[in-house]
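Colleague: Given chain Z's structure and the hints, the job is docking chain E onto it.
Chains as they are written, first to last, in our numbering: chain Z, 1 to 346; chain E, 1 to 461.
Where hints are given, some of them may not hold.
[To be verified] Which residues of chain Z face chain E? A partial, calculated answer using Cβ under 10 Å:
1. Glu-133
2. His-140
3. Leu-149
4. Gly-150
5. Ser-183
6. Phe-184
7. Met-205
8. Val-209
9. Ala-212
10. Arg-346
[As the list claims (entries may be wrong)] Taking lysine to aspartate or glutamate and the EDC-like style, the derived pairs with C-alpha atoms no more than 16 Å apart in a straight line are:
11. E:Lys-186 with E:Asp-227
12. Z:Lys-191 with E:Asp-190
13. E:Lys-235 with Z:Glu-295
14. E:Lys-186 with E:Glu-168
Derived by calculation from the structure, the hints in this document are not laboratory data. Idealized CB from N, CA, C, for every residue including glycine.
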Amino acid sequence: MAAAKKSVTKETGQEKGQEKASGAGSPPDFTREQELRALRDMLLIRRFEEKAGQLYGMGAIGGFCHLYIGQEAIVVGMQMALKQGDQVITGYRDHGHMLACGMEANGVMAELTGRQGGYSKGKGGSMHMFSKEKNFFGGHGIVGAQVSLGTGLAFANRYRGNDFVSLAYFGDGASNQGQVYESFNMAELWKLPVIYIIENNRYAMGTSVSRASAQTDFSKRGISFNIPGEQVDGMDVRAVKAAGDKAVAWCRAGKGPFILEMQTYRYRGHSMSDPAKYRTREEVDKVRHDQDPIEQVRNRLLAAKVSEQELKAIDAEVREIVNASADFAQKDPEPDASELYTDIYR
Amino acid sequence: MPIQVLMPALSPTMEKGNLSKWLKKEGEAIKSGDVIAEIETDKATMEVEATDEGTLGKILIPEGTADVAVNTPIATILSDGESADDLGKAPAPAKQEKAAEQAAPAEVRETAKAEAPAAPKAAAVPDPEIPEGTEMVTMTIREALRDAMAEEMRRDADVFVMGEEVAEYQGAYKVTQGLLQEFGAKRVIDTPITEHGFAGIGVGAAMAGLKPIVEFMTFNFAMQAMDQIINSAAKTLYMSGGQMGCSIVFRGPNGAAARVGAQHSQDYSAWYSQVPGLKVIAPFSAADYKGLLKAAIRDPNPVIFLENEMLYGHSGEVPKLDDYVIPIGKARIARSGSHVTIVSWSNGMSYALKAADELAKEGIEAEVIDLRTLRPMDTDTIVASVKKTGRAVTVEEGWQQNGVGAEIAARIMEHAFDYLDAPVGRVSGKDVPMPYAANLEKLALPSVAEVVAAAKAACYR
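Isolated chain Z (complex conformation) (with noise of 0.2 Å):
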């Protein structure tokens, strides 16, 4: 088997290289500012997911609700390597890369509640939502098709001739369509400025990697268009920044695409109805323990001496912020009937 590998790394003779940027030693140091935004953006998705599981449990929201906890440090991580203009596109476990893009707490959670303060009118739900201000262009519910939507992104900022790159987020189990590989070969052939950021959280739905995958080392997946990629520790923010700062470079100097496997795990289930049978409770607590994005940030804060009291402001801003969007989620009126027949044409 290790001999197939092999022949495999050695047959196709990547010049762009398929590094291993986790293995190669830990990545560079975050300033102390840097490490307290990641702290403090971590946080907000942690909290404001966790918020969302809970008005899930009380039917405050409804329909499926995906939740992001445990793979926050790739949208914090990757955010910090972009420019404004840039721009972003993600599956249905969408709520942590609109937090990350700036969008407001408030307008996302109303959203998830189905009123008229969502960022949809209350007429897309978690899986759908969008901000042209923010250059987030959603949220989309049918695996696979935001990747091609994203080449597309790319495809318009090379028409436009401006330097802009453009983040096509999805997961391991969408790597399985077909039309990602469509999309690699368009956006290869025609140098598109996208990066394929690849959240292998090791289950899709209640299948594992290993049972769904013949290749299950992501960032190969564009060998065969010579398409680079690397795979990264999505569990450690300064690894997901460096490694995207390396794409965002090759992205704007007209290199085309490039591939970024994130390597993480959701804590909770695939949606708010998931039986959890296909894992142990001991594997998931093992990578919260051992493992776990913010934590990581936390330590390093408190071994450079950060005072617990400075931590704990922070926690203390991004509760509130919370709160209120739950407040608000929950007392903003539903949409107007009327809003029934709008938005269908423009």
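Modeller: The following block gives chain E in isolation, referenced to the frame of chain Z:
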């Protein structure tokens, strides 16, 4: 006996072609496989290879002759021992030879057309969008589509066209002919064979503000891209609370061509016109093809533009206006009458108009409505007509169950029930996958006779 070389059919829908060049001279030796001539069809320029050996005896159709009907003798090949004196022996139907010798394009065209759907004639009722006294130019529907795209691309740098073979091949059906030369590879983009992928890229580019024209080689292949068309293009404006929509045109030939079998002959009129968020256009006349494609490209919503391969080569009059744009969602009364309303669109209009001619001979004056747009549907025009005639027949090439005809019948029932003097009749494609055999294919499609019969039944005659 000298062998006749006949004008070959080089595509399923070819009825005639131009003999652009002879590559062999009279008296020259020919081996099997030699390229002897170049023929320009409605789709491409093709080489004609000899299948027989001998000497090129006589060229019957000189190079540069346009509109040579398929199966017209174009040359004779002499076998060993034969001389030009033997040429008189070549068997040739007198009529064909006459057409060939005179190389009279008009006459050949008439012959070829006899069996084909009628070319759209000038509307019996003038289109209100055309100012009186406007000069009309005769062009094929193919040219009308090309001109519409070219004009819009000149007008707006955000408009581009992408699809399979749209650029260097000049369009699988030559609809995008010349666009690459004028606009370059940046705006006329050949894609790999990957409908799902490039439809999604098109929608993504549209979400970012560009205005793509996505050509499907045929709409049969767009089933691969259905998810992006429906879930991403049609629904995003609504799901985003009005923030993010996409201005995009999906266009290409739809419905039956000729003898291409079940997988290449489906009519998607009913499929797309069911979906809120999409606009669906299916024109018949050359003028409508042009004016409505321009409107589709300018429309800020996703538009499905259903063309018909059988109509591409048909000519019609198009107004010579700087900017001829027809509003989406308005039907056209193609022929006025008072006894029965016939509603159709796209190639269905061929049957409807011919049937109206037949009916007129029997004293029944049919009013023929060309819907042009299927969504939004111009219910008012249909209802107003039915209130006048009291009778209605729908004509479509698609299947009957849940078809557009069923929808039209329901709307007439809802809005003009008290005016109806007879049940609404539906003429449609038969409830079978499209067969290949010529006779069966003909049976599977609507016919003029079926439309006449349905109209007479509605008139109790």
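Colleague: If a hint holds in the structure, say so; if it does not, say that too.
Modeller: Here is how each hint holds up against the structure:
With 10 Å as the threshold, the beta carbon of Glu-133 of chain Z comes within range of chain E, its nearest partner Cβ sitting at about 9 Å, so the hint holds. At its closest, the beta carbon of His-140 of chain Z sits 7 Å from a beta carbon of chain E; the interface hint therefore holds under the 10 Å criterion. Annotation: interface hint on Leu-149 of chain Z holds; nearest CB of chain E at approximately 4 Å, less than 10 Å. Hint on Gly-150 of chain Z holds. Least Cβ distance to chain E is approximately 6 Å, under the 10 Å limit.
The criterion of a C-beta within 10 Å of any C-beta in chain E is met by Ser-183 of chain Z, whose closest approach is roughly 5 Å, and the hint holds. Given hint, Phe-184 of chain Z at the interface with chain E, holds; its Cβ is 9 Å from that chain's nearest Cβ, closer than 10 Å. Below 10 Å, beta-carbon pairs count as interface contacts, and Met-205 of chain Z has none with chain E, the closest being about 19 Å; its hint is therefore violated. The beta carbon of Val-209 of chain Z comes no nearer than 24 Å to any beta carbon in chain E, farther than 10 Å, and the hint placing it at the interface is violated.
With its C-beta approaching chain E no nearer than about 20 Å, Ala-212 of chain Z sits outside the 10 Å limit, and its interface hint is violated. Annotation: Arg-346 of chain Z was flagged as interfacial toward chain E, and the flag holds, the nearest CB pair being 5 Å apart, inside 10 Å. Under the criterion of a C-alpha separation no larger than 16 Å, the hint pairing Lys-186 of chain E with Asp-227 of chain E is inconsistent with the structure, at around 26 Å. About 15 Å separates the Cα atoms of Lys-191 of chain Z and Asp-190 of chain E, which keeps this hinted pair within 16 Å; it holds.
Simply put, Lys-235 of chain E and Glu-295 of chain Z have alpha-carbon atoms about 40 Å apart, too far for the 16 Å limit, and the pair is violated. Restraint check for Lys-186 of chain E and Glu-168 of chain E: the C-alpha separation of about 12 Å stays at or below 16 Å, so the hint holds.
When the structure is compared with the earlier hints, violations turn up for hints 7, 8, 9, 11 and 13 and for no others.
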